[in-house]
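With the hints as constraints, model all of the structure from the sequences given.
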Amino acid sequence: MKGYVGKRIQKVDALDKVLGKPLYSVDLDMEGMLYLKVLYSPHPHALIKKVDASKARELPGVVKVITAADVPWLKTYGLIFKDQEVLVKEKSRYLGDRLAVVAAEDEKTARQALKLIEVDYEPLEVISDPIRAMEPDAPRIHESGQVLCDHPYNKGNVLAIDHLVKGDVEAGFAEADHIFENEFRTQHVDHVALELEAGMAFYDSDTDCYTLWAPCQWTHDIQTDVARVLGIRMDQLRIVQPGAIGGAFGRREDISVHIILPLMAKLTGRPVKWAMTRGESMIMMTKRTPFIFRLKTGIKKDGTITAWQSEVIGDSGAYASTAGSIIHQAMYVSSGPYDIPNVKGVSYTVYTNNTYSGAMRGFGATEAAFAYERQMDCIARDMGWDPAEFRLKNAFRIGSCTSNGQILTTSVGTVDTILTAREHFGGKGIATAPHKKRGVGMATIMFGCGYGEGFPDHSIAGAKVTDDGRILISSAAADVGQGVKTIMVQIAANVLNIPPESIDLADSDTATTRNAGSTSATRQTIFSGNAVKLAAENLLGKIFHRGNVELGRAYPELSTIDGDLILHGTTRQMSLGELAKIARDKGEPLEAEGCYFPRTDIDYGSGQGDVVYVAYTYNTQYVEVEVDTETGEVDVLRIVAAPDVGTAINPTGVEGQSEGGSVMGLGMALMEEQIFNKGITVNPDLSTYLIPTSLDVPDVETIIVESGDACGPFGAKGIGEPAMIPTAPAIFNAIEDAVGIRLYDMPATPEKVLAAIKAKDREVEHE
Amino acid sequence: MAKYPLDLVVNGSKYHFEVEADLRLVDLLREQMKLLGTKESCGKGECGACTVLMDGKSVASCLVLAIQANGSEIVTVEGLGGEEALHPLQQAFIQHGAVQCGFCTPGMLMSAKYLLDNNPRPTREEIRAGLAGNLCRCTGYVKIIDAIQAVAEGRLEQ
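Chains A and B supply the protein sequences, listed in that same order. Sequential numbering from 1 applies to the first sequence in our numbering. Sequential numbering from 1001 applies to the second sequence in our numbering.
You can trust all of the hints, since none of them are fake.
Which chain B residues face chain A? A few, computed with CB under 8 angstroms, are given here:
{"no.": "1", "residue": "VAL1077"}
{"no.": "2", "residue": "ARG1137"}
{"no.": "3", "residue": "ILE1145"}
Calculated from the structure, these hints are not laboratory results. Note that CB positions come from ideal geometry on N, CA and C, so glycine has one too.
Printed below as a string of structure tokens:
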């Protein structure tokens, strides 16, 4: 049934946002609040000999300065491996390692105090290149206490090796008529969420409890890790999401301000606030993982892919965060949405002294798609195939088997999205000048929604009727701007047949809302969407049950309309508010919960499983570019996107994700790179790290494909990450179509494009 | 540090402050006046989140010293329109899905107001140029441009 689902409902938080009303983390303050500033390591890889804060402590206005020596009891932290120290004791492993924290009456004093802290250190070799890190004589970045796998490379710096084995890849290559081998590379990218990391904390000594206000993609997970690090019970730490979150894109999965704030609140006995600067944020916080993909593909003369082999090296940077999962996932999906009988892969997760890598929109799948869709395009071009036809020949369909061994039984959109995008795109236009060349490129991708791979993945939501007849939906699901709040309202409205305006959402707060899992992995539409749907359905059951008791009629004669319970064929009705009061007085309040907790599985030895992900989103994009052969500049003129989202709960929201994702992909393809010189970021600000402006981007034309029948609410699947994944390879494929240059590394800066054009011209002259 | 007298009009009301010479306009607005709708994201005039109108011109309030605003008239997002009387741009941003995380929204609205005040019927390309100083990481700009175009063309749903 579609009532409020599929409608372009206005975002529930848009009114407040256009008025400038929501309080983001940086907007918070409390009476008597202190300001924190952090001293970072002066060198990306060094033995810390001495940190002397005595002069800083004497500065008027400074309330507290701590170094590692003051808090020896703190445990280490990290999303998967707990390999990060809150304050480093003996060694710095990247430029964002923390040596001291200052709490002062104002920010200016705190900044001055940092300059008074004396640090003695002994520099070590800085390892910026994962290949160097893997060499046997490379110094170990983590000496002891690490969970490391057994492997033939440097024992210290390779954090994980993962494998995938499907079929017999050697037999597959033997069957092939052609073998194609290429190496592709991706770069460090910053999320550039507009809101910087910030937060505020308060410690109540009477109850020995902490309250933390700071944005989190997963409040309950951060609560678990922070409580463990501080050595307190989880219920002693309450995390409240601020009124709004200014973008996330994966960055807010990791701990930023979340430990130091409550720690300093307790040590100073006063509320504390910490707001990072852009440079601080770029150097300290996670990056998109840089990758090397070595792909080998076997093809028959008729275009059938017989075998695909991937060797994947990912730069985890100084700490693990989620890089091990990102990197093996990139390897798992690096043969794309293609039905290939023989697939083999290996991936290496490698420590370096770069800023550590973590989740960023796509979680490995974005980088993998750059590699596999470049590989597919190069093969099509070399074999004389039309790029779309070559993909269609090998594309997933119902009954296809993924590289992870999962048979796809439902909602498989590869073919539909290719055909839809191709038809809508039409043909390319005429170049605007003789030295400018136009080209068209396409790419098609798939993305597994949810954590998958057997990782526990659930969301719990609550629904209740309040005494004034409104519905209150409770979920901790973080709305980072993408709009999960709005679709939760639409889903509840649909189930309860009540207008969205009559539905309120509880604040996301670990004290009052249950675990919804993270806003990541393109999972909230499916997971929290289903949890809200189940909660609303359970609530509807209670409404009908109470209606039956009070009105004496059974289910077929009852329905809800606009906040009233109606008895069909009569004028009898009762408002839901009245019913709620009666129900509560009788000891059976109109409250319900829903939990969505589907099973997935995998065998980590082979990377094979029956249900590795609960659903897959597909997306095909066609891109038209114009390349200036004199300057190397690439102008993206059109992006046509055809994402298969199963069912679009809110088409405007889906378009918004598609447009924003495509532009993020464009930035990654053409301009974005956080450049590390021996572990030091050379462009830590928005003057030198460029992201797309309104002048850099075309209108993204999104045609939503609804294959339906997915496991999400009303057949929906997620869109957040797959929205961006095809854009970068499609742009590179279009550049090759325009000027015949074969680029393997992102980003395609004007310098790189121009150099390749000149190299090609020289080759032509020599021939 | 010495303090200097500052008289200015913010969102239609007159104010007097005594400010230090290095106080930025964005800090005056946010910290002293608690007009928190104006955001800061880069501190270098690159992102446009702190855009306000100063004597009718759009400025990055992180690049303007408060004392430079002496005698000026400042308009922030709080002065654009209220809940009961939304500015057409605010209505259009809601209707067209131009708001995602909302952090760039106040600055975008102020740049859009400056654009339409000076060029009431801009082309799509002129709108793009008018927003070039305001970064958005969520929307890809498409729906923001749609919203501004709708206002310019009088296509707002009532």
